[in-house]
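Engineer: Throw the hints in and build the complete structure from the sequences for me.
In order, the protein sequence lines correspond to chains G and L.
The first sequence: position 2 = -5 (our numbering), numbered continuously.
The second sequence: position 308 = 301 (our numbering), numbered continuously.
Among the clues, some could well be false.
Copies of the same chain look alike in the list, so a pair counts if it works inside one copy or between any two.
To be verified - Calculated cross-link-like contacts (lysine-lysine; reagent style BS3-like; alpha-carbon spacing at most 25 Å): (1) K232 / K266; (2) K15 / K258; (3) K15 / K274; (4) K3 / K274; (5) K283 / K16; (6) K258 / K3; (7) K266 / K3; (8) K3 / K15.
It is worth saying that the hints were derived from the structure and are not from the lab.
Protein chains: 2
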Amino acid sequence: MALVNEHFLKLPDQYFFSEVTKKVNSFKVTHPKAHIIDLGSGDVSLPLPQAAVNAMHKAAEEFTSSHSFHGYAPRQGYPFLIEAILKNDYLSRGVSLEPSEIFINDGAKTDIGNIGDILRHDNSIGVTDPIHPCYIESNVMCGRAGCFEEEGLWSNVVYLPCTPENQFMPHIPSQRIDIIYLCYPNDPTGVAMNKTELKKWVNYAIENDALIMYDSTYEAYIQDPDIPHSIYEIKGAKKVAIEFRSFSKTAGFTGVRCGYTVIPKEVTATTLKGERIMLNKLWNRHRSIKFNGASYISQRSAEALYTSEGKKQVKEFVSYYMHNTQLMKDMLSQTSLSFFGGNHAPFFWIKAPGHLNSWQFFETLLYEANIVGTPGIGFGQNGNEYLRLTAFNTTEQCKEAMQRIQQWAKQ
Amino acid sequence: MALVNEHFLKLPDQYFFSEVTKKVNSFKVTHPKAHIIDLGSGDVSLPLPQAAVNAMHKAAEEFTSSHSFHGYAPRQGYPFLIEAILKNDYLSRGVSLEPSEIFINDGAKTDIGNIGDILRHDNSIGVTDPIHPCYIESNVMCGRAGCFEEEGLWSNVVYLPCTPENQFMPHIPSQRIDIIYLCYPNDPTGVAMNKTELKKWVNYAIENDALIMYDSTYEAYIQDPDIPHSIYEIKGAKKVAIEFRSFSKTAGFTGVRCGYTVIPKEVTATTLKGERIMLNKLWNRHRSIKFNGASYISQRSAEALYTSEGKKQVKEFVSYYMHNTQLMKDMLSQTSLSFFGGNHAPFFWIKAPGHLNSWQFFETLLYEANIVGTPGIGFGQNGNEYLRLTAFNTTEQCKEAMQRIQQWAKQ
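Structural biologist: Here it is as structure tokens:
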């Protein structure tokens, strides 16, 4: 009798984002004429940089001849893309990595979800609260998160509160945690972490022999030169951190699918007997067994983002959303609403007015201003009084949404 | 202190196929003038069907405008592709499935590797011997395979021998097994399973409340109308089988990356208390948490294979390799070598002559005829006297390789 992995049954029945979609769809059915503006989606809407599209056409054409055909890709990714990453994303910031420390994937989510496979199921984990649900849920699936308790928390998860009181910068915990997930610039709060703060975490990890899973998929939105784009800009991080990057938010690759994971060879974890094992080697084995490489077209397309034409277009792409962000920030500032973020990421974390909780705030804005946000509770207990708004819509829509919110906030 | 998943340390240090590549590369260095013919690779070499390339260009162009841009794909795949699959791969063979029973992925290997996540780590597994190493290795990684014992076998794996004595058709085991992996047409032996044989397995699974993981990625190569392309052609299979398909070998998608997994809603496994859980639902949760959809371009490209133009080109694609297969079969028949397969799959399973083991046979052919095969031992103990040759090269190269083998076999 085949038995199921019962850890799956601990997951909430509904995937949070599906629940949001369901509620929006109900609204649409009952209000067919309403003009809804979606500021809930983390998905992009601008066309791809033309350099990426040109590279796609070129790659597609290569498939028409045996001589230029590409079959199975190297499991870790094509050298042409890895070299471009090393040179542009790391060497340019003073970080030197080897090609074999980069793993090209089909998007950051897959690797963030699977990276736990190479670690024991009983390591303790630490997450900021709020945080994107996929970090915790991938740990629930393998039993690492423990049990879901009455207070709405997982028994084996250490929550690091991010609130206005600490400017959404988690305090270093007093206890030891084995694996810590950090995402900066942060989804959902839109807050970035400077070198001083990030250094505290790297030092904590070194002192406690802990691992940091660093999600820097929004690094392209950083505006301040003092804020690190990569955790490896911090001394010692190469011993304790795995970094996840993606082209999704940098260049609109959410439908193209390409990202990468960095595992320096110095990063180790131990066996029960205390032997230190190189995680790069384990992940390489994982990839050989469970992956057949990322799409050639996607890799060529990503490579094109590093050409001079591509870089210019990526900059324009990011600027567009940061322009929206600035516009939203200015307009939100004219309301009585309390909000955070919007400096180094296209996210706003808006405090629900009065005694509304996040679902109530979500429904109020949907029904009274026809604006879709994301209820903060989907990101953790500390999100229960917040709504996330993103700037990933057109400038016109962002502006109109803010006008509606200004109008609505007056009432 | 972060601890590693020690099951990874049980894996052989080297990935088998990397070892083969390493040996071939050593040969190349010491024999720079040798003209090597590669019949070891399971990778294709023909250009993509033009319909698929045209669809890629069209999809790439859609990314240039906000109106036709595609961001995150539906997690289970785009309806346009799912509908084409249901109609052409299943309804045409009398199998009726719902759209939500299909999961589009980035290639079969990922899902075959990850499917075990939704099942308990202590289910017993059964595999044919020989079998592609990824089935066992993905189970080793999570501890399900047990320990590697001196005889070169995993303690929790039931091996189902496939030898000339049983025409490479595994006998139904006397004990109960929870999860059975079957791959037909088979890689590496090249043998297909007819309805009568497959029916025995479906009945075994029903009687024993077992699960069958059915890999039918080579179904397009089936020549005999009596041989099932899908396990769901067998009555009752929808209750007990998960099927994996891929466009890699059907249409040369090894570099494009697209495949799909079928999990009928009737397929269940149980909790320890005996409650039956729908695996479709668990896999859907898995996909929501650890996957962001397959590339839009790859999905559009796969869809084009189901147009009338695409179908014609796929047929030509498959015919080319089956023509190679027939040619190789005819020429091998003229030698003293004993071999199997080559009827419904582009694989030959060749018995090592004399007392050679599979690595020795591999090296002999490499050094004496400059032909690369794959040592059978990489597929299991029963492969220790065999070499796998594939027909995935050009007709000219296949022919020349066979001439060399004829010459070599004479000596």
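Engineer: Within a copy, between copies, both or neither: where do K3 and K15 come within 25 Å Cα-Cα?
Structural biologist: within (22 Å within a copy, 45 Å between copies)
Engineer: Which holds for K258 with K3 at a C-alpha limit of 25 Å: within a copy, between copies, both or neither?
Structural biologist: between (35 Å within a copy, 20 Å between copies)
Engineer: How would you label the pair K232, K266 (within, between, both, or neither) given a Cα cut-off of 25 Å?
Structural biologist: within (20 Å within a copy, 44 Å between copies)
Engineer: Pop the pair K15 and K258 into one bin, within, between, both or neither, using alpha-carbon distances up to 25 Å.
Structural biologist: Answer is between; shortest inter-copy Cα gap is 22 Å, intra-copy 44 Å.
Engineer: For K283 and K16, with the copy left unspecified, which applies at a CA distance of at most 25 Å: within, between, both, or neither?
Structural biologist: between (36 Å within a copy, 23 Å between copies)
Engineer: Tell me, please, which holds for K3 and K274 at an alpha-carbon limit of 25 Å: within, between, both or neither?
Structural biologist: The answer is between: 13 Å across copies meets 25 Å, while 32 Å in one copy does not.
Engineer: For K15 vs K274, is the C-alpha pair at or below 25 Å within one copy, between two copies, both, or neither?
Structural biologist: Between. Shortest inter-copy distance 17 Å satisfies the 25 Å Cα cut-off; intra-copy 42 Å does not.
Engineer: Can you give me the call for K266 and K3, within, between, both or neither, at a CA distance of at most 25 Å?
Structural biologist: between (32 Å within a copy, 15 Å between copies)
Taken one by one, the earlier hints all hold for this structure without exception.
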